[in-house]
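Visitor: Residues per chain, in single letters:
Protein chains: 2
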Amino acid sequence: MRLPLNARALTESVGPIETFDLKMEGKTKIQEAITIQGEIVRRMKSEKASKEQIDKEVAKLLELKAQLGGDDGKHQFVLKTAKGTRDYNPKQMAIREKVFNTIISCFKRHGAETIDTPVFELKETLTGKYGEDSKLIYDLKDQGGELLSLRYDLTVPFARYLAMNKITNIKRYHIAKVYRRDNPAMTRGRYREFYQCDFDIAGQYDSMVPDAECLRIVHEILSGLDLGDFRIKVNDRRILDGMFAVCGVPDDMFRTICSTVDKLDKMPWEDVKREMVNEKGLSEEAADLIGEYVSMQGGMDLAERLLQDEKMSRSKQACAGLSDIKLLFSYLQLFQVTDKVVFDLSLARGLDYYTGVIYEAVLSQAAVESLSTEVQNVSPSDECVNVGSVAGGGRYDGLVGMFDPNGKKVPCVGVSIGIERIFSFMEQKAEALALKIRTTEVQVMVASAQKNLMEERLKLVTELWNSGIKAEVMYKRNPKLLSQLQHCEESGIPLVAILGEQELKDGVVKLRVVATREEETGVPGEDPRGHEENMQTPPRNGRSLDSNRSPQNWEATC
Amino acid sequence: MRLPLNARALTESVGPIETFDLKMEGKTKIQEAITIQGEIVRRMKSEKASKEQIDKEVAKLLELKAQLGGDDGKHQFVLKTAKGTRDYNPKQMAIREKVFNTIISCFKRHGAETIDTPVFELKETLTGKYGEDSKLIYDLKDQGGELLSLRYDLTVPFARYLAMNKITNIKRYHIAKVYRRDNPAMTRGRYREFYQCDFDIAGQYDSMVPDAECLRIVHEILSGLDLGDFRIKVNDRRILDGMFAVCGVPDDMFRTICSTVDKLDKMPWEDVKREMVNEKGLSEEAADLIGEYVSMQGGMDLAERLLQDEKMSRSKQACAGLSDIKLLFSYLQLFQVTDKVVFDLSLARGLDYYTGVIYEAVLSQAAVESLSTEVQNVSPSDECVNVGSVAGGGRYDGLVGMFDPNGKKVPCVGVSIGIERIFSFMEQKAEALALKIRTTEVQVMVASAQKNLMEERLKLVTELWNSGIKAEVMYKRNPKLLSQLQHCEESGIPLVAILGEQELKDGVVKLRVVATREEETGVPGEDPRGHEENMQTPPRNGRSLDSNRSPQNWEATC
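Keeping their order, the protein sequence lines are chains A and B. Note that my numbering has the first sequence beginning at 815, numbered continuously upward. Note that my numbering has the second sequence beginning at 815, numbered continuously upward.
Keep in mind that the hints were calculated from the coordinates and are not lab data. Any given hint could be a false lead.
Given that identical chains are not distinguished, each listed pair holds provided it fits within a single copy or across any two copies.
Said to hold, decoys possible - Below, in silico cross-link-like pairs of lysine-lysine (DSSO-like), each with a Cα-Cα straight-line distance of 27 Å or less:
(1) Lys-991 x Lys-943
(2) Lys-1290 x Lys-922
(3) Lys-1094 x Lys-943
(4) Lys-1324 x Lys-1294
(5) Lys-1140 x Lys-1290
(6) Lys-937 x Lys-949
(7) Lys-859 x Lys-1130
(8) Lys-943 x Lys-894
(9) Lys-905 x Lys-1223
(10) Lys-1077 x Lys-943
(11) Lys-1250 x Lys-980
(12) Lys-955 x Lys-943
(13) Lys-937 x Lys-859
(14) Lys-1154 x Lys-1284
(15) Lys-1223 x Lys-1243
(16) Lys-1222 x Lys-1130
(17) Lys-1077 x Lys-1125
(18) Lys-1284 x Lys-1319
(19) Lys-1140 x Lys-1273
(20) Lys-905 x Lys-991
(21) Lys-922 x Lys-905
(22) Lys-1265 x Lys-980
(23) Lys-1324 x Lys-922
(24) Lys-980 x Lys-897
(25) Lys-943 x Lys-897
If you're wondering where the values come from, they're calculated on a predicted model, not measured in any experiment.
One chain only, chain A, in its complex shape (with noise of 0.2 Å):
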């Protein structure tokens, strides 16, 4: 799963570096390329290069670093963020927002709680949880003390707290950050800092009624984010196990054939059937059973002829989770989310605590297509996982009892929705629109036509605040008209409340729709969010004062 190992991926992973500008652009470069060339060699050390590899890096970095010349001792600071992670400027943070909002108005909609846990946990907590992975996870320094590590995922630290205060029934949402040491390919939306956004449930219950709840609320999440059309593929970690059973896989190779079946998203049968005969020793005949039942999508309808199916009958693990498969379904009518939801024999979701129903939620091509374009330049052999996968799940029945000292069991069935993504796809989409995304909600401007009205400014803005209305005001003693109008225009402020001598004296507010310049004159205190309110809604009479102005292409933040 790793990219192999080479300084073009190293350094193209690098990423952006500012430094600073030292009046000689050549040095900058130089500082540059001695920074990525240093990481270069303290990654090949890392992952046990060779050593002859090793020592041609280190005299590249040596040579780089004499060309630098003699006041290379002095500390050349280097202006940037940790690898892998990024700030979110305010446009970010209100496209984020929103997308929060979306989310968490659903998961309130369906009852969830919220818990939060500690960005690190004790390093035996998260050992012997994510297997291979493991050597991603971010360990703290031994400053003395106990020995911790970033959490890697929230669903570990669920079932700590889960096992730790001894609770067996909650249905909880959980949105934090969490870091995993990986090559971060950041254009793609994949960074060593990224939040994930978890909804579970756990405890005993009638069978499927909760994993059906989890699908509804993935339809109510991405029909409500508006990400163009999409569809929900499930299966069940049983009638995968029975199916390489009944096809004569061998016990013993069920894992790894099914991490060849999860390929099957992004390459054609063909390269998934060579890889299972040549690289993984199965026999041809096993691999084209499997090949047969891989390719068969369907709903409730699937499932039944399955079951009456020769071979999958055969095996009761298939047959137990095919009948849930049925129960399923028609819960999902029930809830109305048929139109999406699809039982597709070829999803293999990877991670080892699953033991019931998976699925995992693909955006369909055409909104892929419009995510980005370093997407479509990307080959189908590269790691990159599927474009479209915005939400994925499962039930996982076994991992709270790894906590519990008893190994007491609280059953569980999640969904995680991948929520970077998403807000690299509403970022790409709002430069694409154009979309002007507003990130205050600031509501009326306090402005003066005329010098020395500063104090008036201040009064009338306390006010508004007084009110609860969001209005500001510049901070200059006498700014011009102009620039206080171009504030609204650049930050997308409806109003203005505009005052001078005449309308002080007459003990008036002039408000003015910045948008169409109209005007009205009232009294203060009077509350001027029935004007906004106007506003919101385009005009319905085309009364414009200015009708050369465009439209405002302006979001709504909120």
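Based on the hints, put chain B in the right spot on chain A.
Guide: Coordinates of chain B only, in the frame set by chain A:
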């Protein structure tokens, strides 16, 4: 500032530890003692205690391990969160959400944008920003690649963000967790992982306008959170420095004398003076002069008086600060917040980077007393700072320049809300008033009185979700009506829609107000939220069907 190193303090600071029930109480206790003793040894080593001391504690550790007997080789898994950190359970999250909502609406009312930065920064970004306290920074393990540290506050990442993106004007808030390897005092709301909640205005503006808005924001937030009476102390770094100069404090002693003055809120003047004279070697005359000034409190009048003060007026710096305080108060009057603001010459916030106005908000004693009994037991010499302090900030015009290659300054002023202390306060208040905190926002529970109505319940709950109504249904096929109603009472769900054979035949739904047991019958599809709104306000007429039931004491979550 650190607690003296001793085993008792360390033992106490280890906090509660959950261990597996070994079915042998004694063994568990020994294991716990071993964990604590191990922690003591590690801490002593890290704090470079004497070899003698360490050896003594190691001996105790070995003795404890010997007591465990033969099977101590078996790994003892400790189920806990990292020292100084905590999980937030759903109730705590509900309080946290409420507090955040109040604070964020205030920030938005003032037109602030928000940003986010990664939880870790390059180690060198933090280096040299925190002086003595740098030893409290959490470093990440060197796993190859960059050297990273967890952020210690939000101000340094903010300054790094401004310099890196060449931003010269922004009004932003940032709410996020920061990390300090401090001695935790969890009962007093002091953790190693804790929230900061910062609002800052960066930019070159007319004097004191943004500074006044920061104070207005503190006033709005503390009033909005209903924490009881409070006051906001204001001073200026330049007034402090000028005062020290005119009192005859040598230049190189400003810093240390300032930190002694800072203790005035927790020790009497006599002790402060003794420290200045006996420990720091200040002349008694100088100390007495300082004593006169630092006892002064007032408003704009005090600033005016001091501008005329024979000694004080000799310091240019002090005069600049005093003029600004005057100007500040004139704006505070317009902002209607002078009722809580006090110009207090004893306020001496320690942070190096402050260059102008400084301020700190404290809860009144009455409010503090209800905070916690623990708090009252703290002796004044404890390192715990002013228990009532719930917000603080000031002007720092030089920090961003430390990150800019050309040292270009971006003047900033900001405030940090002491959110963890506010959480503790709210939690304890909720407990004291026996408030029931709702952890979900569910409006309707869909229940059935008879068996075999699962499908009908799922259909109805789907209709409610489709209409955006927060609704729940039990995951059992045939739950008892009583257990469905109990769930409503326990989690504060105001309405229950009860399905029965008769209702289904008639095509209606029976809606019951849980608190009063009043029932109404309606047609499904009709919006039941009207009913809930009726329920939110206490019934004006006492026509409750069950007047024996005590009034519900629910705290609205949002």
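Visitor: If a hint holds in the structure, say so; if it doesn't, say that too.
Guide: Evaluation of the provided hints:
1. Lys-991 x Lys-943: both (18 Å within a copy, 26 Å between copies)
2. Lys-1290 x Lys-922: Between. Shortest inter-copy distance 20 Å satisfies the 27 Å Cα cut-off; intra-copy 44 Å does not.
3. Lys-1094 x Lys-943: within (25 Å within a copy, 56 Å between copies)
4. Lys-1324 x Lys-1294: within (17 Å within a copy, 63 Å between copies)
5. Lys-1140 x Lys-1290: between (68 Å within a copy, 18 Å between copies)
6. Lys-937 x Lys-949: Both: 12 Å inside a chain and 22 Å across chains, each within 27 Å.
7. Lys-859 x Lys-1130: neither (50 Å within a copy, 58 Å between copies)
8. Lys-943 x Lys-894: between (33 Å within a copy, 17 Å between copies)
9. Lys-905 x Lys-1223: between (44 Å within a copy, 25 Å between copies)
10. Lys-1077 x Lys-943: within (23 Å within a copy, 49 Å between copies)
11. Lys-1250 x Lys-980: between (48 Å within a copy, 22 Å between copies)
12. Lys-955 x Lys-943: This pair counts as both: shortest intra-copy Cα distance 21 Å, inter-copy 20 Å.
13. Lys-937 x Lys-859: The answer is both: 23 Å in one copy and 21 Å across copies each meet 27 Å.
14. Lys-1154 x Lys-1284: Between copies only: 23 Å across, 41 Å inside.
15. Lys-1223 x Lys-1243: neither (44 Å within a copy, 36 Å between copies)
16. Lys-1222 x Lys-1130: within (25 Å within a copy, 72 Å between copies)
17. Lys-1077 x Lys-1125: Answer is within; shortest intra-copy Cα gap is 24 Å, inter-copy 81 Å.
18. Lys-1284 x Lys-1319: within (26 Å within a copy, 52 Å between copies)
19. Lys-1140 x Lys-1273: Cα proximity of Lys-1140 and Lys-1273: across copies only (18 Å, versus 67 Å in one copy).
20. Lys-905 x Lys-991: both (19 Å within a copy, 21 Å between copies)
21. Lys-922 x Lys-905: both (26 Å within a copy, 15 Å between copies)
22. Lys-1265 x Lys-980: neither (67 Å within a copy, 31 Å between copies)
23. Lys-1324 x Lys-922: between (42 Å within a copy, 24 Å between copies)
24. Lys-980 x Lys-897: between (38 Å within a copy, 20 Å between copies)
25. Lys-943 x Lys-897: For Lys-943 and Lys-897, the Cα distance is within 27 Å both inside one copy (25 Å) and across copies (22 Å).
Checked against the numbered hints given earlier, the structure breaks hints 7, 15, 22 and satisfies all the rest.
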